[in-house]
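Enquirer: Work out the full structure, taking the sequences as your base and the hints as a guide.
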Amino acid sequence: MEQSNTTPREARRRAWPMEKHRVEDWIGKIYTSICVVFLIAVIISIVYFVTSKGVATFAVNGVSLKEFFLGTNWNPQADTPSFGALPFITGSFMVTVLAALIASPLSISAALFMTEIVPSFGKRILQPAIELLSGIPSVVYGFIGLSVIVPFLREHVGGQGIGIGAGALVLSIMILPTITSVAADALASLPRGLREASYALGATRWQTIYRVVLPTVMPALLTGIVLGMARAFGEALAVQMVIGNSPHIPTSLLESASTLTSVITLGMGNTAMGSIQNNALWSMALVLMLMTFVFVLIIRLLERRNRL
Amino acid sequence: MSTVKVNHKARKRAKATDKVATVLIVTFAMAIVAILIGLLGFILFRGLGHISWSFLTTVPQTMRAGGGIGPQLFNSLFLLFLTMLITVPLGLGAGIYMSEYAKPGKLTNFIRLVVEVLSSFPSIVIGLFGLLLIVNTFNLGFSLLSGALALTIFNLPLMVRITEQAFAGVPKEQKEAGLALGLSKWKIITSIMLPVAIPSLITGTILASGRVFGEAAALLFTAGMSTPPLDFSNWNPLSPRSPINPLRPAETLAVYIWKVNSEGIAPDATQIAAGASAVLVIMVLIFNLLARFLGRTLYRYMTASRRMN
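Heads up: the protein sequence lines correspond to chains H and W, in order. Everything in the first sequence is counted per the working numbering, starting at -10 for the first residue and increasing by one. Everything in the second sequence is counted per the working numbering, starting at 226 for the first residue and increasing by one.
Simulated from the structure, these hints should not be mistaken for laboratory data. Check each hint, because a few of them may be wrong.
Said to hold, decoys possible - Straight-line distance between alpha carbons at most 20 Å, and here's what the computed PhoX-like set of lysine-lysine pairs gives:
#, chain 1, residue 1, chain 2, residue 2
1, W, LYS328, W, LYS400
2, W, LYS400, W, LYS412
3, W, LYS412, H, LYS9
4, W, LYS328, W, LYS397
5, H, LYS18, W, LYS412
6, W, LYS234, W, LYS244
7, W, LYS400, H, LYS18
8, W, LYS397, W, LYS412
9, W, LYS240, H, LYS18
What the hints assert, rightly or not - From the derived model, a few chain H residues whose C-beta atoms are all more than 10 Å from chain W:
#, residue
10, PHE58
11, GLN66
12, MET207
To be verified - Cβ pair distances, simulated, as ranges:
#, chain 1, residue 1, chain 2, residue 2, range
13, H, LYS112, W, LEU249, 20 to 28 Å
14, W, SER451, H, ARG200, 35 to 43 Å
15, H, PRO65, W, ILE260, 38 to 46 Å
Beta carbons: idealized from backbone N, C-alpha and C, even for Gly.
Expert: Given below as structure tokens:
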């Protein structure tokens, strides 16, 4: 790594007083290493603290794993408190999967439109617009949900408007730009020859897209979808604003429900550090963290497939 | 003869399918564009009417109509400044390490994994971690500084990636020229590579700022959900009423929008939320345009591309 051509012995003999460029090199090396060590220390302490607090519910307070993960009754204030987090876990997974189901076909169409059908317009106008939209804060999406989607659902579909359906719609709008930009990048990076070969065989544009382009970029498309899902799963405020926040497993999409993030958002301020209620919220944070690991793992696996 | 006929039919069908598929894709894409433009337009349309100089500068009201967002707007900007003050040097250092010093191997792969995991952590989890470690254990309380540290964690992975990409984009020949002159590696990094990387660094940093500006979940339990009465003529950073005291609680614009929507009782809560959302969106727009403009201008100014064109 050293860019010097002195032998080790010479270097040692000249070690002091150090030459200027050697001092500079040490400063650079120490400074950048400290930054990296800080980064690693941060992640290790996040994992350590969230895990130790999250495990305390089971280890210290004696809540059984079965009750937490399979119990459907969340009532920490009662005389015989119960800590069933299943409604929140289901809520989180339902909004995430629904949001991905709504957003994926739309985003992939948009990406195809941008790259395969009108590339010049797509690149100049659509791509910057999509990038801009991915920068819009999530509370703004929550506000849109509250003032557009919820009233719309209430008037035209039924129920209170709030619930899993509204949450999924808000999240799907939020993750549209994420999936679209990953998909568009993947499509744009395909070698031209691939398409040209397909057209030369007399294939139509749709045949080329469906038989050649899409199968080739499939791992990248899935990466985009998983990234979107990870974002949706961890989103707290936008969902909390429109989902209704009742601690039950909903029987319809238009019924008030909760997610892990919404319960944490509402509960953390009202419980004392170290109480069982508080620890149960940390256990949910632990579930969120573990799901993040799962999402990252899936993305890594997809990227490996993509490289082959 | 018959085979030709079959091919002809298949060809016709393929063409029809192609048309249908094209129409579908265009419809879907247009639907998205319509939705997105509609929503953006809605926000601006609903909010712009409520934005006025007094809305931007006065303090909020809890019970009466006519409250403003002055302190929140100031808090957001000041918190962004504090965050960037901490994030940029750290992110720059770690990014330079990743692009210039890291040797391919297990350790580098591990650091890459760390950056990836950290960047996909839900912001609420980072907020909780901030509450536990920064607010309680380090005893910084609900304060601007706690918020800035939490946002640093939130923003650091992005900053590292931006730096790494910016440095990776520096032409290899420039680096080699420096080596040929016998410069130290650090000297090459700071005086040859950094100036070339600056345009994309600045673009990336401004875009990251937009993200920090709108973040709320990580701040609920770190910077807090209230602002003490501020005295804008008091610039002593140690006074509890001073706007620039880093140890006072500070509710940002994004947090305020959330609070007004979920528990606002002022009669004009909806209008306030609309106005504040519009301000937030406009700020993000400004950040975006600024990033594009500065990136392009600085690139022309700092590299030889102007003379070559």
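Enquirer: Out of the numbered hints, which ones does the structure contradict?
Expert: 9 and 14
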